[in-house]
Amino acid sequence: MYRTILALLILLLTVHPVMAKPLPGLSLYGPSGLKYKADEPYDYSSPKAKPGGHLVLADFGAFTKLNPASLKGVTAPGIGGLVFQTPMDSSSDDDEPFSQYGNMVETADLADDRMTLIYHLYKTARWSDGQPVTADDFLFSFDLLKDPEYHPIYKQYFKDIKKVEKIDPYTVKYTFNIFNQELPLITGQMIIFPKHIYGQKEKKFGADFDNIAVGSGPYVVDRYEFGKFITLKRNPGWWGNNLPKNRGRYNFEKITWKIFLDPVAMREGFKGGSYDAELIGSSRDWALDYQGDFVQRGYYLREKIPHKRVAGMQGFVMNMRNPLFQSRKTRAAVALVFDFDWSNKNLFYNQYTRSECYFDNNPEMKPKGLPEGAVLDLLKRLKEKYSEDVPKTVFTKPVGAPGEDAPLEANVRTANALLDSEGWKIGPDGIRVRDGQRFSFTLILASPDFMRISEPYKNNLKKIGVDMDMKVVQIAEYEQKLREFSFDMVVANYPQSRSPGNEQRYMWSSEAAKTPGSRNYMGIQNRAIDDLIDITVAAKTRKELVDAIQAMDRILTHQFYIVPQWYIGYDRLVYWNKFSRPEKNPSQAPIVGNIIEWWWWDEEKAQRLEKARKSGKSVL
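So in this note's numbering, spot 243 of the sequence shown is number 243, and the numbers just go up one at a time.
Calculated directly from the structure, the hints in this document are not laboratory data. From a predicted model like this one, the values you see are computed outputs, not experimental measurements. Wrong hints could be hidden among the right ones.
Said to hold, decoys possible - Below 25 angstroms or equal to it, Euclidean Cα-Cα: the simulated PhoX-like pairs (lysine-lysine) are: (1) LYS65 <-> LYS48; (2) LYS173 <-> LYS258; (3) LYS50 <-> LYS584; (4) LYS166 <-> LYS123; (5) LYS173 <-> LYS155; (6) LYS173 <-> LYS540; (7) LYS611 <-> LYS50.
The whole structure should be built from the sequences, with the hints applied where relevant.
In structure tokens, the structure reads:
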């Protein structure tokens, strides 16, 4: 009898994966990576937070939809995260590279081999119409990925989820196609939609979210008008209000975004009190504006808030789908003549640091010096396998912006020599020509503010016989051009987390280059990078991940896909003096997101401000 039971136990352990103890969250590196227990709030929350008040923000460019996951259109601000939720909530704590805690999920069982994951849902979870959140909603949301109107970025992001099964009304099992250390946490980032609302046969995923948005989040849509504003109001019966991770969170009774189509009108709108807080993106505005009487009297505050986010990469992106940019030498020439030092001094008031690579501002991931150790071995193997995809310079030069240590005159000479070697001849009008084609392209911009920044670059390009036109388009047209890759050059930003993984696919992979709506705007099809993405995703240790990222960063940098621009290690914020906030700022999250989630309306400050403005006196 004993032997029979023992044999049965062995069989069961062989057939079924070993499940770990149910946990309130998941960490990339196991249970030891979780900082918080189930009953603990985040330490960047505040027990002093009070509900109430109306936060008014601004958004540039008109929104066209209430659907956060469809391909076409521009989603209204606040919809993702405040109205619709994901199963898990990512920590923004400095001490946790990648940890998640239950949003809609009470506990998670992750198999020891990380190939299956079971969610136990909160039985108290409700949609904003009062209906319970069930396993059927999770299955429905996974099946929605097959809809042709679903954004392909998400399809790619979740492609390694093999299947989703309902165990009981409040238990869901995920099975994965491959081992991917990050995949269980990626699963927690899928937007969950209510089946009883959007699963009706007559509903169309890409069209029927314009009039309704039923989610499980802390806010519901109050009022909106396309092109003008949207107001969310706090759901008074929100089921998640008393969860430990939501203590001191989502405090504003209402949040409104006013839509602006002109940046000057937007700036003046803030100073006139039309909205409450603004993240300043312009160095000129920060240096010269927001310093008048209202600042001196303390009506609104001007503050630098340090952050520890990975800088990522921002720059002029060359679209290699255009034959002009298919040559590495040509891309290098185009990149060499951007004079960052001049721009930083004359345009940016020396506020910025030049971007040198794709994982800047992070001492762990940013490559240093020449490659060595495991990184060097990786690059050597890839060079043998894909000789043309791994430039020789990855072994002989450190990462860095093209020509950053040389004067512009020297970079212009080098760029001209590179273009000469590629067969580009100076034409009668000073613009280079090859095989009857002029070296002329258009930079598409979403804001006129970038015109003054791009003009000096345009002038420098003329010095090497390259003609760059500039065109500002409305945000809806701009988004469409990005989705369809119908541009020559754009300005793009590629933010990175401390735990890079699956998202690298839709930035740099060969598959993403062929997928409309991906962020591979450059059209990169590099087999070595594809392999390194796979290694990153499958990494079982932090060292394996960092080694792969450093190798990939070196290839990306030395292929000159982007003309690197700059980054800044703090957020520049102006806000009216009527709010209070926690003592600790979660510096891994954008500051405006922190305002929405963790700040609160301070009635005493608001009254003091109103009284001071009426009398013209200081509030300080």
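Taking the hints in turn, this is what the structure says about them:
1. LYS65 <-> LYS48: violated, 36 angstroms
2. LYS173 <-> LYS258: violated, 41 angstroms
3. LYS50 <-> LYS584: holds, 17 angstroms
4. LYS166 <-> LYS123: holds, 15 angstroms
5. LYS173 <-> LYS155: It holds: about 19 angstroms lies between the C-alpha atoms, which stays within 25 angstroms.
6. LYS173 <-> LYS540: holds, 22 angstroms
7. LYS611 <-> LYS50: Holds, because 22 angstroms separates the two Cα atoms, which is no more than 25 angstroms.
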